[in-house]
Amino acid sequence: MRNLWTIAKKEFESFFHSAIAYVIGVVIFLSLGIYFYILLSYGVRYQSYVPEITLLLDWILFPLFFISVPVLTMRTISDENRTGTLEIIMTAPVKDWELIVGKWLGTYLFFLSILALSWIYPFVLNLMVDPGIDQTMLIAAYFGVSLVTAAMTAIGIFVSSIFKNPIPALLATLGLMILFWIISAPANYTSGFVSKLLDYLSMTGHYYSSFYRGIIDLKDAIYYITLTIFALFLGTRVIEARRWK
Amino acid sequence: MINAIGLTKYYGLNCAVDNLSFNAKKGEILGFLGPNGAGKTTTMRILTGYMPPTSGQVTIGGYDVIDQSLEVRRLVGYLPESVPLYADMRVKEYLKFMSKLRKLENIDILINEILDEVGMKDRADSYIEKLSKGMRQRVGLAQALIHKPEVLILDEPTIGLDPVQIIEVRKLIQQIGKERTVLLSTHILSEAQQICDRVMIINRGRLVAEDTPEHLQKRLSGSRKVYIRVVDNPTKALSLIRNLPALETASLNEKNQIEFENPVDKDLRATVAKTLVSADIGLIEMQIEKANLEDVFLQLTQSDNSNASIGNEYALHDNNSELESQENYLKSLDNSKEN
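First to last, the protein sequences are chains A and B.
Add 1108 to a position in the first sequence, counting from 1, and you land on the number used in this note's numbering.
Add 9 to a position in the second sequence, counting from 1, and you land on the number used in this note's numbering.
Treat the hints as calculated values from the structure; they're not laboratory data.
Check each hint, because a few of them may be wrong.
To be verified - Not everything, but these chain A residues come out facing chain B in the computed CB check (under 8 Å): (1) 1111; (2) 1114; (3) 1153; (4) 1195; (5) 1198; (6) 1201; (7) 1318; (8) 1321; (9) 1352.
Ideal Cβ positions, reconstructed from N, Cα and C, are used throughout, including at glycine.
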């Protein structure tokens, strides 16, 4: 168990050595800041308008994460594979799942830090607006984004374990996420079980139907948790399979 | 300590390791000598638990590498040929990371000790990407040694190093080898000769020969040339030599030396010397072509009947003490030349 934390900590710290991570951080906070400014200006001009803070989440944070997660996860395992450090880890007394889950945890914690830092905007808004913003909606929305991020990160790590090169990992992860995003579209044209299945699989569907509206629905949470666990499981299998080649 | 029976590994249809069996005792330095692609790295990867063999069995310290892989990995320190390290970490950080993975105690003390041992103490805070190849190798070695493993597996440990660094690494290996079992691979023949207690020559996945470097040198099938220089009257010397049995083919070469083929089963040098001296010919130099591991290596790896030759060669050259003493003399000559 300790190995899990050792690997997670190392992975988390490695983001602070990575130029890409800093670029992404700057882009996210810059965008959030600009959008926040626009919201506030709008609110100032039209006194009746209360800026909805969840807009920040939907229009800025969520889409940016959609892109950032593949970008930051693409090199997690593929880099180790390419440089040969995977061979060292796999010949050390570390279990395969400890490696995958550790990598995932370290990466996820990095994204959670960004999410945590972005709280500053609702916090400031709360101080400025009378009687304060709708906090339950905010909490539900953040909770939802955290869950979606967990799942996306897990998928990213799984895909990274398949490739030696980060670029195909990036594209494949993006592709998978787009797939999960639009997968419910054909649901309108099919019926019965298939329709329900497609509907269920949509990653964004589970977010917008509940968390977005301020509801924390257990079944949606379970969807994301299951997806996370399943992706990590597949990732572990890929690492194992590497041994048996 | 290491016991391998019938190791075989196929990559698809390609056989990388073919029925390899060997063992290594505690405190022994065993060398894998072979050309590139012989299967050395694959064998090491099997031993370290990176991949399983297609068939065959290996135990290290009594633990099976497949069924008890984690225990084996705890016992083994491994350094792959490419010396993979995390470029964005500092040396100390990296060693700390590896120590934690191995669940070691008193990590800071251990790190200081090992850095001292590999001579990297003054670079403990440097980023790994800023280090030279030799230094990275030493960090890699530190990683392989920090948990004081009973078995050390090194894949081409001196490749790419400069002569000074090579000597240092070899010294380090010899020191380590006193208490632990070391398995190293190389295609540098003199290295195998210098460091290893025993050498296994591997070619195309098969064990071609296994013995001490000294014995392997003796196992050259075929005769060796002897060169003789006389002060005066080389033609008379030549005819005298030609009269000796088995030396009818002696000849005079361009350097004005008499050369003949010393037969495989009998060393005729003393006889020749006595013959010449008793005929009052001034014998000033007698030199035998030095048989070294390179010749053995080339012969054995180029022969097609690799399996058959092992037994025969043992039969031919086991009890030749005269050859051995001359061998030692020539070796000492060589050592002084290198110094």
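- Item | Interface hint compliance - residue 1195 of chain A to chain B, C-beta minimum distance less than 8 Å | Given a least distance of 5 Å, the restraint on residue 1195 of chain A holds.
- How about residue 1318 of chain A: closest beta carbon in chain B under 8 Å, or not? Hint on residue 1318 of chain A: violated, closest Cβ of chain B at ~40 Å, above 8 Å.
- For the hint on residue 1352 of chain A, does the least C-beta distance to chain B fall short of 8 Å? holds, 6 Å
- Against chain B, with CB atoms and a cut of 8 Å, does the hint on residue 1114 of chain A hold up? Check passed: Cβ of residue 1114 of chain A comes within 4 Å of chain B, closer than 8 Å.
- Message: Please check whether residue 1201 of chain A passes as an interface residue: C-beta within 8 Å of a C-beta belonging to chain B.
- Response: Holds: closest Cβ of chain B sits about 4 Å from residue 1201 of chain A, inside 8 Å.
- Verify the interface restraint on residue 1321 of chain A: the C-beta must sit less than 8 Å from at least one C-beta of chain B. This interface hint is violated because 42 Å lies over the 8 Å limit.
- Message: Quick check on residue 1198 of chain A please, does its C-beta sit within 8 Å of some C-beta on chain B?
- Response: holds, 6 Å
- Message: Quick check on residue 1111 of chain A please, does its C-beta sit within 8 Å of some C-beta on chain B?
- Response: With a closest approach of 6 Å, the residue 1111 of chain A hint holds.
- Interface hint compliance - residue 1153 of chain A to chain B, C-beta minimum distance less than 8 Å: Constraint on residue 1153 of chain A not satisfied, violated at 47 Å.
Checked against the numbered hints above, the structure violates hints 3, 7, 8; every other hint is satisfied.
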